[in-house]
Structures are given as structure tokens and as C-alpha cells.
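Novice: Start from the sequences and build out the full structure, keeping to the hints where you can.
2 protein chains.
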Amino acid sequence: MIRPAAPEAAGEQPLAAYLQARRAEVEDALDRYLPVTPDCPEPLAEAMRYSLLAGGKRLRPVLTLATADAIDPDRGAALAMPAACAIEMIHTYSLVHDDLPAMDDDSLRRGRPTVHVAYGEAMAILAGDGLLTEAFRVLARWPVTDDPAVVDRKLRTVERVAAGAGAGGMVGGQVLDIQPVDAAAARRQPAAARAALRAMHERKTGALIRAAAGAGAIMAGADKATIAAVDAYAAHLGLGFQIVDDILDVEGDTAALGKTAGKDEAAGKVTYPSLVGLEQSRVLAAGAIGDARRALRAGGLKGGRLAAIADWVLARTN
Amino acid sequence: MIRPAAPEAAGEQPLAAYLQARRAEVEDALDRYLPVTPDCPEPLAEAMRYSLLAGGKRLRPVLTLATADAIDPDRGAALAMPAACAIEMIHTYSLVHDDLPAMDDDSLRRGRPTVHVAYGEAMAILAGDGLLTEAFRVLARWPVTDDPAVVDRKLRTVERVAAGAGAGGMVGGQVLDIQPVDAAAARRQPAAARAALRAMHERKTGALIRAAAGAGAIMAGADKATIAAVDAYAAHLGLGFQIVDDILDVEGDTAALGKTAGKDEAAGKVTYPSLVGLEQSRVLAAGAIGDARRALRAGGLKGGRLAAIADWVLARTN
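Chains as they are written, first to last, in the numbering used here: chain A, 1 to 318; chain B, 1001 to 1318.
You may find that some hints are simply not true.
[Unchecked claim] Covered, in the sense of this in silico footprint (three residues per stretch, anywhere, with C-beta under 8 Å from a C-beta of chain A), are these stretches of chain B:
{"id": "1", "region": "1015 to 1021"}
{"id": "2", "region": "1043 to 1050"}
{"id": "3", "region": "1268 to 1281"}
{"id": "4", "region": "1295 to 1306"}
[Said to hold, decoys possible] Selected chain A positions facing chain B (Cβ under 8 Å, derived; list incomplete):
{"id": "5", "residue": "Thr37"}
{"id": "6", "residue": "Glu134"}
{"id": "7", "residue": "Ala140"}
{"id": "8", "residue": "Asp147"}
{"id": "9", "residue": "Pro148"}
{"id": "10", "residue": "Glu159"}
{"id": "11", "residue": "Ala165"}
{"id": "12", "residue": "Gln174"}
Just so you know, the hints here were simulated from the structure itself, not pulled from any lab data.
Nothing here was measured: the structure is a model prediction, and the numbers come from that model.
Beta carbons are placed, not taken as given, at the ideal position from N, Cα and C, and that holds for glycine.
Specialist: In C-alpha cells:
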């Protein structure tokens, strides 16, 4: 595994180089962990690879690795790499299912036709189911070890990731997102609308981002207090990420985003810009990133790349 | 937990009473393990409960418990109950997704409207995703213990269940099942058609039945040789179960089955009766159940209910 030089010394290696190196490792590992056995029918393997190996920011797996790096610079990332891949497999399955005609009915993702456009709706449902299930196989199987301490970390990671991805987390957030919104009521009661929007995002986007960081912390052997600090950091980071996402949906263009821009407004969705305007959305995003940085300092997690990643989430353009 | 009297002494308590007692325990446990936290949106909890708590044979979780009983009559079933529930959650999610309009497009299941008919297609996709994810949370979380031996069993169970349910198992089988079949080619090359049918069923139905028994064996602390014997038993049992399923689709009636009878023929699906006729299908089913019994004897697993369960699978009428 290629390790960037002195990852704990922020400033030595520019963040962009760190992200690029970690992303390249994630791409390699995803390619290795995807099922290639004769037991997996070829059309399924193809649809899963199509969706998973289409690039993307890889924010979540890089966050898992950066968290593990911050806690155990020597072994953290190696221990956490399977979890990083599992998180990205779960994120990808959620995109495949979200894009389905019965859900958001989107035809473009990561700059390419969505899975149901390329392979049909049935295969898209099954490719998503396969990615989700294989993610848990990856978590349980790798790293291969008899060390009871690492076995214990792996099992806690399974539970942490399932909680973040499940009915009380990401899937629950998606359910909140497809509930019909009464736009007139939202205008009459903006505070309630903003609380509802935040509750939806905390589950739909935030829960898996928290699980990504949490998995890195657990696999690297963090103690309870550090895991809690990482969780607070990731909760703020997730909120900031989502507000920026809403802003980019208004300001970005489809080519740079790799997904359809302007679809929130077209779908009549409540977003931060629609509730509080673009300017105030930017203030809220910057506030969330500031909170994320403060959570790191409060938890004694000053080393590593986590603060720089928070800044990058705020400044990103795609 | 209610334990049937002397479960290891086959003959003392009729199988029907054993099945009924174990089923009742499974129903209770499923009800307990489903998410009821405020984090899970109510419409999602309702759709998940609707599909999961609709009765059914509960073959798979009972098989998990019976296997655990056969290996450790004192503690096996208690250790394996969460895994039994997780397996049933995974089986139920697969039914919910299989019934979707883009898949089998079925409107009746377990005697009630399917989930997408009752709650809409988007909610059915998400309820399935939720059940699958929560299944892994249940596997990782319960039984709550610090005992490193049980932690190790739980992690191996996660891996075993994910392998059975994933791209090389159940999901892969569903992909094979939706591939178009060339009926004329099947008539010209019956041996190849039968091999393809068996390969599909080994994954679509067999893989999760094997994982159900395997999870019971692992959680009860079976050694490698015993786990292999249980796996051989369950592979034969799964084949017999599927052939009987095909026969019942021809001979059964919709009311008794709780799902639409005759749908294989209506869909032009290749089945055991369509390939080899009803009489020969019955011979094959009886042969598979005989093989399952032999695998038990070869593995020294004579006690317990596993042989009686094999006979019940052959004789079932729904």
C-alpha cells in the first residue's frame, strides 16, 4: 500500500496530494473487494462494477482513512481500508436505488447514465442489493485476522455501519425525503421547515458520513471519548457537506457535478437555499465547518488531515 | 424464552408442537428486534413490520434454531435467536424486492397485498433496504456479550450470512432468475436446462437456507466438520424445498399458498415440473430429502429435529 509521506504532519504534503493518493488506494481496493468469483453472475458483476468504479469524490472512504490515520498513523489506514470500501459500496447502492424511476427517477450520475438506464430497472435494484450485502461481507472478512482485539473492532464496525445505513439512519432519511412536502406550510412556518429539513439530512447524508468516520476510529482502536469526538466532528461535517450540496445544485453546472443540476428546484424540494437563501446558506455551511473544527480541537484530534478535509468540503465545487 | 421439553429427543414432542413453539418465539423476537426508535420514521417502521410480521412458514429461522439445538441443546437456540431473526429479515426483504413491478410484479404475498401495493413502490424498495441493513445490525448487536468466543462466532455469522445473501448467493440467483430463458433451447437440451435451473435455485433459494443452518451451527459453537455436515444437509434440503415449491405452484391453490398459484407457468418460467414432469419432480424431491438425511448421519448429527424438518419440507402443502 502506498502511504503518503508523514500524513500526520499537516502542511508537509498538500491536502490535494493526500486526497489523490488515498483515492487511488481506495479505487484499487474496491476493485479487489468486489466479487469476481464464478458464483457471481457476470451481468450482476458488471452492473455493480459500473456503478461502483465510476469515480466520484470518494469523500466517505477517504474520511474513514483520514480518521484512522489521525488515530493510528502507522496501522490505522491499513486496518480501516476494508471498512472504507464497505462504506463506499453502501453509498453507491444508495445512489443506485435513489436514482430509480420509483424514487428520484434520475438518468445521470457521476457523468454517466444511471444503472437502471444502462442495465434495466430489475438489475439496478439487484445491483444495489448486491452492493449493500457485499459491503457487510467485506466488513466481516477483511482484514483477515485471529487477533481478538481486531475481531472485536470489526464486529463493532459492522454494528456502527448498519446503524448509520439502516432504518434509523440513511434509509430512514430517504423515507423522510420522499414524503410529500407542503410548500405553503413551509413558508408559513420556516423554523419548523428548517428543523424538518435538518432532521432529514442528518439521516439521509449525515448518518453515513458519521458512520464513515466512526468506522475509521473504531478500526484504528480509538477509545470511547475519541470515538465521540470523531462523531461530533463528522456530524457537523455532514451538515456542512449537505448545505454545500444544496448550494451547488443551484449554482453548479451539470457537467462539473456529473449529475443533473437544478433538480431540487425542478422537483419542488425544500432545500437550504429555498428556505433561507443562498447567502445565508453559505453562512450556515461555514458555521457547520467551524463547528467541525472545534469538535476536533475539543477531542484533542489536532493532528492529521481532518481539519483540512473540513475546509475542502466547504470549498468544493463538485 | 419458552423451551420445548427435551428438544433433543426426537419423538417425545411431535414435530408440529416443536415447530409451533419455535415459530412463536421467532415472532416475539422479530417484534423485539425491529427498530422502534424515534430515529426510524413511522411510515418506514410500518412498512417493515407489515412485511415481516405477516406470518409465513418461518422455515429459515426455525432451521437456524433447530440446528443450534442439535449442536448445543442447552444454549444453542438462545445464542442463535438473533441470527434466526436476521435470516428471516433478509428472506423477507428479498420477497419485497422480488414482488416489485420491475421484478416479478406480484400483488399477493403471505395472503395479503404485497408491500408496493399497500405502501407504494418507493417505500417497498426502502423497506427492503431497511430490513436488509437492520438484519446485519441484529447480527452484530445481539446477543450482547464481551465473551471473545461469542464475538468471534457473531463475526463469522455476519460473513456467512452475507456470503449466502449476496452477489454469489441469493442476489446472484435472482439475477439468474430474471435472465430471459430460451424455451425452445431448453427443450432441445434438457440436461443443460436442468443444470441451469439447479444452478439458479442453488443461489436463489439454496444459498440462504444453507446460511440459515450455518448461522445456527456457528452460533452454537460447532466445529469445522460439523459446520460442513450441516452445510451439506442444508444444500440438499434447499434443493428439495425448491422442487416441492415448483410442484406446489402447479398443484396448490392460491388460498393455501398465500401467494399466486400457477404464476411460474403464466410467466413461462422453466421449473422442475415443466422440465421433467410432476411424477419425476416428486422422485427428485424425495431423493434430495434422502440425501439431506444421509448428510446428517454422515456428520453424526442424529439427534435433534433436523431429520424431521427434512421430512416436513417434503410433505408440506404450503
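Novice: Look at each hint and say if it fits the structure.
Specialist: Each hint, compared with the structure:
Only when three residues or more bring their CB closer than 8 Å to a CB of chain A does the claim for the region 1015 to 1021 of chain B stand; here the count is 0, and the claim is violated. With a cut-off of 8 Å between beta carbons, the region 1043 to 1050 of chain B has 4 residues touching chain A; three or more are needed, and the interface restraint holds. Coverage of the region 1268 to 1281 of chain B by chain A is violated. Counting CB-CB distances below 8 Å, 0 residues qualify, and the rule asks for three or more. Counting residues of the region 1295 to 1306 of chain B whose C-beta lies closer than 8 Å to any C-beta of chain A gives 0; at least three are required, and the coverage claim is violated.
A least Cβ separation of about 5 Å between threonine 37(A) and chain B falls short of the 8 Å threshold, and the interface hint therefore holds. Taken as an interface hint, glutamate 134(A) checks out: its beta carbon lies about 5 Å from the nearest beta carbon of chain B, inside 8 Å. The interface hint given for alanine 140(A) is met, as the beta carbon of that residue sits about 4 Å from the closest beta carbon of chain B, less than 8 Å. Given the 8 Å rule on beta carbons, the hint for aspartate 147(A) is violated: about 10 Å separates it from the nearest Cβ of chain B.
Using the Cβ-Cβ criterion of 8 Å, the hint placing proline 148(A) at the interface with chain B is satisfied: the shortest such distance is roughly 4 Å. Because the closest C-beta pair between glutamate 159(A) and chain B is about 4 Å apart, less than 8 Å, the hint holds. The interface hint given for alanine 165(A) holds, since its Cβ lies 5 Å from the closest Cβ of chain B, which is under the 8 Å cut-off. For glutamine 174(A), the interface hint holds, the least distance from its beta-carbon to any beta-carbon of chain B being 6 Å, beneath 8 Å.
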